[in-house]
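Protein chains in written order, with the numbering used here: chain A, 1 to 495; chain B, 1001 to 1495; chain C, 2001 to 2495.
The reader is advised that the hints may include incorrect statements.
Restricting the straight-line Cα-Cα distance to at most 20 Å, the calculated cross-link-like pairs of lysine to aspartate or glutamate (EDC-like) are [as the list claims (entries may be wrong)]: (1) A/K288 <-> A/D308; (2) B/K1130 <-> B/E1372; (3) A/K420 <-> B/E1480; (4) C/K2483 <-> B/E1477; (5) A/K49 <-> B/E1372; (6) A/K288 <-> C/D2289; (7) B/K1049 <-> C/D2289; (8) B/K1054 <-> B/E1027; (9) B/K1427 <-> C/E2477; (10) C/K2066 <-> C/D2308; (11) B/K1402 <-> A/D170; (12) C/K2427 <-> A/E480; (13) A/K379 <-> A/E391; (14) C/K2151 <-> A/E477; (15) A/K421 <-> B/E1480.
For the record, the hints were derived by calculation from the structure and aren't laboratory data.
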Amino acid sequence: MKFLFAAFLAVFAFSGEASGADVPVSEDSAACIECHSTFNAGIVSAWEKSRMSKVTPRAAKSVAPKQRRVSFDQIPDPFADVVVGCAECHTLNSENHKDSFEHNGYKVHVVVTPQDCATCHPVEVNQYGKNLMSEAYGNLENNPVYRSLVKSVTGVQSFKGLAATLMDPDELTLSDACRQCHGTVVDVKGFATRETDQGEMSFPVLTGWPNQGVGRINPDGSKGSCSACHTRHQFGIEMARKPYTCSQCHKGPDVPAYKVYEVSKHGNMYSALGHGWNFDPVPWNIGKDISAPTCATCHVSLVSADGDIVVERTHQMNDRLPWRIFGPIYAHPHPKAPDTTIIKNKAGLPLPTDLTGEPAAEYLISAEEQRERRKTMQKVCLSCHSQTWVEGHFERFENTIKKTNEMTLAATNVLLSAWKKGAASQKDGLFNEAIEKRWVEQWLFYANSTRFSSAMAGADYGVFANGRWAMAKNMQEMVEWLKFKLQAKEPPPRS
Amino acid sequence: MKFLFAAFLAVFAFSGEASGADVPVSEDSAACIECHSTFNAGIVSAWEKSRMSKVTPRAAKSVAPKQRRVSFDQIPDPFADVVVGCAECHTLNSENHKDSFEHNGYKVHVVVTPQDCATCHPVEVNQYGKNLMSEAYGNLENNPVYRSLVKSVTGVQSFKGLAATLMDPDELTLSDACRQCHGTVVDVKGFATRETDQGEMSFPVLTGWPNQGVGRINPDGSKGSCSACHTRHQFGIEMARKPYTCSQCHKGPDVPAYKVYEVSKHGNMYSALGHGWNFDPVPWNIGKDISAPTCATCHVSLVSADGDIVVERTHQMNDRLPWRIFGPIYAHPHPKAPDTTIIKNKAGLPLPTDLTGEPAAEYLISAEEQRERRKTMQKVCLSCHSQTWVEGHFERFENTIKKTNEMTLAATNVLLSAWKKGAASQKDGLFNEAIEKRWVEQWLFYANSTRFSSAMAGADYGVFANGRWAMAKNMQEMVEWLKFKLQAKEPPPRS
Amino acid sequence: MKFLFAAFLAVFAFSGEASGADVPVSEDSAACIECHSTFNAGIVSAWEKSRMSKVTPRAAKSVAPKQRRVSFDQIPDPFADVVVGCAECHTLNSENHKDSFEHNGYKVHVVVTPQDCATCHPVEVNQYGKNLMSEAYGNLENNPVYRSLVKSVTGVQSFKGLAATLMDPDELTLSDACRQCHGTVVDVKGFATRETDQGEMSFPVLTGWPNQGVGRINPDGSKGSCSACHTRHQFGIEMARKPYTCSQCHKGPDVPAYKVYEVSKHGNMYSALGHGWNFDPVPWNIGKDISAPTCATCHVSLVSADGDIVVERTHQMNDRLPWRIFGPIYAHPHPKAPDTTIIKNKAGLPLPTDLTGEPAAEYLISAEEQRERRKTMQKVCLSCHSQTWVEGHFERFENTIKKTNEMTLAATNVLLSAWKKGAASQKDGLFNEAIEKRWVEQWLFYANSTRFSSAMAGADYGVFANGRWAMAKNMQEMVEWLKFKLQAKEPPPRS
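One chain only, chain A, in its complex shape (with noise of 0.2 Å):
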């Protein structure tokens, strides 16, 4: 009775919301939150919270194309006027779903992905698919190179005879480090029974669980997951264009993203004036919705500005990025492919430059490619700014981009010097040693925390917050060690 009467209410309270006509939820939802509503009250709430439970697929459909959010051809026939809940996600495309599950008379999965969500979204999916981001998993797992750093992260040591000894890391703590941003394996191990509140029960035993990360490698075969921006259970659009969202993976001194954008003038007027700002509308209109851009409308969203249309939507988030700024382990043109495993350099390795900074040019997209996507990216920068202020600033970013390649090669040079000296060896892989670590720190750090300085105008994260201080200062400490350790001639006395 409970839920009927909160159905009731809603259909009352959503009629005419986009389409004038009712929103039921359907018999199985409305089984779900029965439930649920009680076990996991915050999920319901949120959900109810949000566009989902308001607005059938026919309503969302039947808006003009610049205001729509669905993007399928054909209405999904059982779908097509109910509300998207519980069971429209966590019963679709039960057949391909490993982690589909007996539960109360329903075929039910816990992981709903990319797949799930392409029925009524399939062109951001496929968009989507083509980021680095979908390939992230991957991108980190089946690159030797990139493995052995994730060794040396993550891997634990122990000290003896004084030497110490880096073991394999385990996979939970992989899940828990890197695989949190870049996505776990979530397969099904098998099936447990458990005593609940309805009785003994069985549910299905994953692998990598919890993870929302961007390449999640998913139940059913998909990739990445759309819930880690359109955070579930309301997914809203308010939640993927504030830059909190991608701050989660994009803050440390890796990819300071983030902290750049917030001290950036964007990120202050965000941070002061963005309480009167309005981040619903499809299409974002500049000037009228927001006076300052976030992360996704240079990056993402579909925006206009006095009634015309500026940039359209992507997911392929690349489409506006002529530079891989986050160098590993220079910045470089954009790859082609999301897949930067077939990446070969000159010396083989899997890396899109060589160790001196010559990039692999052809996975690498085109000086004309890089032309148009800078274009791109520009259209949004004039909606506020002029022609002279656009090319200026674009002018420094890319000597910036220059500037630091430099930097990092002049570090890579000492490297290079201390593995030839034998001061340093890198037959144990290239990330082990303190001054391999420093090295990494040089590029991965330091001239990455420069070029997002540059790129959005952060001030001090390219002077003395891991900005160019930092990258001078180390370069200064690697060559000074490496005369301490050349002038050190005996080998230390054994323990």
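We have chain A; now place chains B and C onto it with these hints.
Okay, now just chains B and C, sitting in the frame of chain A:
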């Protein structure tokens, strides 16, 4: 006249709140306000915005137990039917207050203490006394090991003859440093006469003032400061429930709880969507009032979901904490007693573990108590997450406790080796020399960051932002340092 | 038609604001808007939200002095009765603007300068000129010591023959780094013709553009940029009063003012409760409008309490600053003149103190002036705190200045010893070598952080977060480095 008019307005403006009765300000408080609304307008205005200025104790007691914000049994008679104004707190328990002084005919004290607050909130004050926080002053100052750490951080150094000399820290520095959070001893040094707009007046001269530290030693002998979290003079529950309050002491690299929360999915939801949440209700309804937890939700508040109580309010925050992940030196089961100076490890030091990690078990809670506390915490999680999700999260978290302890052990072994081989010396303290400070960072900064990240799924704080990367690098640098040191056989030339 | 209709609406929407009169847009500005509302919709929309677009100078002048936001004596005639639109600023003082150019029949300039803003705000512009900030460009570029620091940070290094070579920084890098905050020289290099939607047009080519640095050298010879804080094109007082604006340049490890504020009790109150505060009123009423200060409250704003003026507005922010705690090299009494290149210490260097800390007293304010400024600042404090509280706070703060200077001296003595013994060399500059960079961090990062923390009671920034812990550790590492260096007698082998 001015004040009376304001009070008259207040009665009307607030009538009906909670009780329907008029809310009179006591004559004593009215007298305070008459002057202080001019001299300290900010304080008076803040109080006027507070619930204290609007609800009498009788009214506060009269609501249903679940909604109740006071915990006294008997309404304290002179206070029952006036709102809680200046005089109600600042003249309370005068006889116990060494800081009490004659002030325009009143016996006033400066420092309002938990013992004063206990008049209306005895249960909370009692619970709070069971926290490590309530003993934060003594736990630091009366533990010789920690005192030595304090000295190594806050003592001024000088340089002569190629050696640095460490001096004892001065009292002002200590009040400005560690004791800002841990609390000072607020004692009465004497009384001073000052020329004021009201003529000559006498005021107490206090040691360690100002201070709102959680373990403050008060002039009435009580410990702590409720206003550390319930900021004066608004004392709002909104303030205590928002994460910024906790961040004041839990943000540094030693205890990055807020930083991790901020980049966690929970934190992102709070930042993006929190503007629409409700921070005032008691109980606090998950889903309805908030869509994601703040610090207070998991650690303190009376939380309900769909009308049912999920967890009871507790001001003994460790009620929901199986582990103390802030390890000096290793993470360990939570101490039984708030006073940690009573702990003795095998080596006889007042530390919860041995240098090699073995817990001083008799002073720490049992595995069974850990299970109970874990279960209490998980009840909050289960409001929005499935059992499988929650178990998966805790399995990872407890694995990370184990692995970070292993990384602390590895670093400790380097230090023990350095001490043994004479490359460093334990005699002058555990924390003074460069290599000892690196060792401290291993557990105090990096292992802690990794564990906090794991506890809240804070992504990069467990990897590159002071997490595993830093542990791994620090370990390599410690080993390298030891080798350098052992190679340098001759003593340095004397200047 | 479109624009006229908008203007018509505007008159009605805004009539009555401040003056009751209609608020007409000038014909010139209307002509700008007609095209630019399409080409740069964001700018026009921002302006439409601004007070500039709603209030004429005559109306702005007509309010009571306390509420007044303009400071001119005579209403500038052509501007008196139109709102301040595009043309009013971008065609003003054309004769002085080297960046002025023919644009559709108007003489337009790109860069609006303090000299332009002074038409309506002469007092503020004049005060601003007395800040170090207004000389931020020259203070950095015309001081040979600081220039050498700039080079050591921004110059690219290369590595050959076991030595690093430092090159001069290029102009684009400087604009992207230090000069983002300090300001660039914006000069006219020439004019370029560009194909636009309106046909071929000519635009000035500017050096150092874009830039909003506080010490920008403008094409009309003036210094600074009001839009650094009063962000274009909304120019709102809300923006300038919220702490994010200041954070753009005051957030790095060298000057962590915002970071400290953020974790201070004041900052926590702002973050938790600020959503209900009022950032627009002039004067700004403590208690009524805000319950805790932001940067602007203490350093800039016209503040009142309970109807009385507490402090007058000042755009010479050092009016309330007894000390310059951002020490190059030691904290010291605030410099008298904004141009710090005139300072000479005993050694003849343009530094406010000797290397050993003795102030270059004749260039710094007197103890009496310090007392005056301290008293002005304390007036703000006293709005919410007792005299005892405020004095206790300042006693600690000034002790911390002293103690951090002592820690800087200790580190300086290590460096002086290194120079003397030939372990490092002063000849190639003070900031290039690894040990010199460590020394810089002692005062620029750690002593500064500790002092900022002390000034605002920012807890961990004075202890573990780049505070005393870092000073103590850095000191030990500097000493250890020196010992290592002196032990290594032989020169390193040449490659």
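Here is how each hint holds up against the structure:
no.: 1; hint: A/K288 <-> A/D308; result: 12 Å, holds
no.: 2; hint: B/K1130 <-> B/E1372; result: 17 Å, holds
no.: 3; hint: A/K420 <-> B/E1480; result: 19 Å, holds
no.: 4; hint: C/K2483 <-> B/E1477; result: 17 Å, holds
no.: 5; hint: A/K49 <-> B/E1372; result: 34 Å, violated
no.: 6; hint: A/K288 <-> C/D2289; result: 27 Å, violated
no.: 7; hint: B/K1049 <-> C/D2289; result: 11 Å, holds
no.: 8; hint: B/K1054 <-> B/E1027; result: 15 Å, holds
no.: 9; hint: B/K1427 <-> C/E2477; result: 19 Å, holds
no.: 10; hint: C/K2066 <-> C/D2308; result: 10 Å, holds
no.: 11; hint: B/K1402 <-> A/D170; result: 12 Å, holds
no.: 12; hint: C/K2427 <-> A/E480; result: 18 Å, holds
no.: 13; hint: A/K379 <-> A/E391; result: 12 Å, holds
no.: 14; hint: C/K2151 <-> A/E477; result: 17 Å, holds
no.: 15; hint: A/K421 <-> B/E1480; result: 17 Å, holds
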